[in-house]
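Sequences and hints are given; from them, build the entire structure.
If you read the sequences in order, they're chains A and B. Residue numbering for the first sequence follows numbering that gives the first Met the number 0, starting at 0 and increasing by one per position. Residue numbering for the second sequence follows numbering that gives the first Met the number 0, starting at 0 and increasing by one per position.
If you're looking for bench data, these hints aren't it; they were derived computationally from the structure. Built from N, CA and C at the ideal position, the CB exists for glycine as well. One or more hints might be untrue.
What the hints assert, rightly or not - Heads up, simulated SDA-like pairs for lysine to any residue below, C-alpha to C-alpha not over 25 angstroms straight-line:
1) Lys25/B - Lys28/A
2) Lys25/B - Gly274/A
3) Lys51/B - Ser100/A
4) Lys35/B - Thr280/A
5) Lys25/B - Thr73/A
6) Lys28/A - Arg40/A
7) Lys35/B - Thr73/A
8) Lys25/B - Gln77/A
9) Lys25/B - Glu67/B
10) Lys270/A - Ser189/A
11) Lys25/B - Thr280/A
12) Lys35/B - Thr2/B
13) Lys25/B - Ser12/B
14) Lys25/B - Ser275/A
15) Lys51/B - Val24/B
16) Lys35/B - Ile61/A
17) Lys35/B - Arg40/A
18) Lys25/B - Thr273/A
19) Lys25/B - Thr78/A
20) Lys35/B - Lys28/A
21) Lys270/A - Ser247/A
Unchecked claim - Far from chain B by the CB rule (all over 12 angstroms, computed), these chain A residues:
22) Thr11
23) Thr25
24) Tyr42
25) Gly63
26) Ser82
27) Ser97
28) Tyr101
29) Val129
30) Leu183
31) Asn206
32) Ser227
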Amino acid sequence: MPTTIPTVTSLTRPGSPSAGDAYYETDTKNYIIYDGAGFWRIYNNDGSSSPTFPNVYSAELIDGTDDRVMYNSTSGNQTSLGSFTGDMSLVLWFKQSSYSSYKGILSSYHHLSTNDGVQGKFDIDVYNGVIVRLFSRDSNSGGFTDTNAGAVSAGNWNFIAHVVDTSASAHYTYLGTTTSSPTLTNTISSSQTLEDFANGFKLGDANQPNMSGYVDDFAIFDGKALSSAEVATIWNNGASFNYAIDASLNPVGWYRMGDDNSGQGTAVQNKVNTGSSYDATLENGAAFSSTVY
Amino acid sequence: MRTYCIIDASEVSAIEFDQVLQSSVKSLKYSLDGTKTFVKYEGTQPFFLLGKTEYTHEEILSILSGPEWTSDEVI
Chain A
0 MPTTIPTVTS
10 LTRPGSPSAG
20 DAYYETDTKN
30 YIIYDGAGFW
40 RIYNNDGSSS
50 PTFPNVYSAE
60 LIDGTDDRVM
70 YNSTSGNQTS
80 LGSFTGDMSL
90 VLWFKQSSYS
100 SYKGILSSYH
110 HLSTNDGVQG
120 KFDIDVYNGV
130 IVRLFSRDSN
140 SGGFTDTNAG
150 AVSAGNWNFI
160 AHVVDTSASA
170 HYTYLGTTTS
180 SPTLTNTISS
190 SQTLEDFANG
200 FKLGDANQPN
210 MSGYVDDFAI
220 FDGKALSSAE
230 VATIWNNGAS
240 FNYAIDASLN
250 PVGWYRMGDD
260 NSGQGTAVQN
270 KVNTGSSYDA
280 TLENGAAFSS
290 TVY
Chain B
0 MRTYCIIDAS
10 EVSAIEFDQV
20 LQSSVKSLKY
30 SLDGTKTFVK
40 YEGTQPFFLL
50 GKTEYTHEEI
60 LSILSGPEWT
70 SDEVI
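Put into structure tokens, the structure is as follows:
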């Protein structure tokens, strides 16, 4: 005979519980038990039998001022991930916690002599938590601005893939969530390449104010324009994708944001090009988070 | 709770990075003209920042969204 646990929500917990009272919270999916000493003991939901994103750790960009995940191959102790002078692709999961105005999601790292890293030559930002914008300034001939490259879901995990296909002289943007498969939301006709990524990348930081929230499972590909089928494969039904199971994808960088080092320290390990010279870094107060949500 | 102080770029050499949340000189974010940056900390104001105006999270976000720190440039 199964036991049915009584349900509440996080806003309707009983005001005068007794020790041992237990409930299932329908909004958080957590199991809570009152300890009789003034506290609810919370047993976090850690997923269902259906794949859900994220896996255990992600990188939390806490205050939206300057915390970020940085890879700076101009610093002298990190190795460039590639030349990025032709086909390339990048994939990122992100979840914002603040939505006002513009928030920088991702950019290439551009080394400036006076104020380092102010602005990359390729930026992705999100307006009001929803509208994706793209900016590319990597050369004079092919630069572009796209102020409506698709819509993301505010407050949820979003999947973005940006693909540079030089044979088609096109840039493709795919967007999805944990519950909706990525779709091609934007095509830009441009021969623009994104070689500024040879200098590195920044997550959560771009030409606009930094984002606050979470980033996870960033992957970057040099010499490869992902197909729509490959993008769908990486989306993996809204779960973290394991690149080790498909050698044909072959990213040059795959950053799992703490899942490879139990969320310790500030080094963000590169799962495919190993060694500290390929690690990214949590900077300016960013931290690994194991919050399940 | 984090607190924020804006400093002149010329004062960067005085930053004691073990007392702020910024990682290093190279990780600092500057105003568009390169003359100002900021640091953040938790707890009491570090000695090297004494006399500097302290800003709350909400206040610094408003400042960083302004034209001195954020460009409207699109290309």
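Subject >> Violated hints, by number in ascending order, as checked against the structure >> reply: 1, 3, 10, 17, 20, 25, 27, 28, 31
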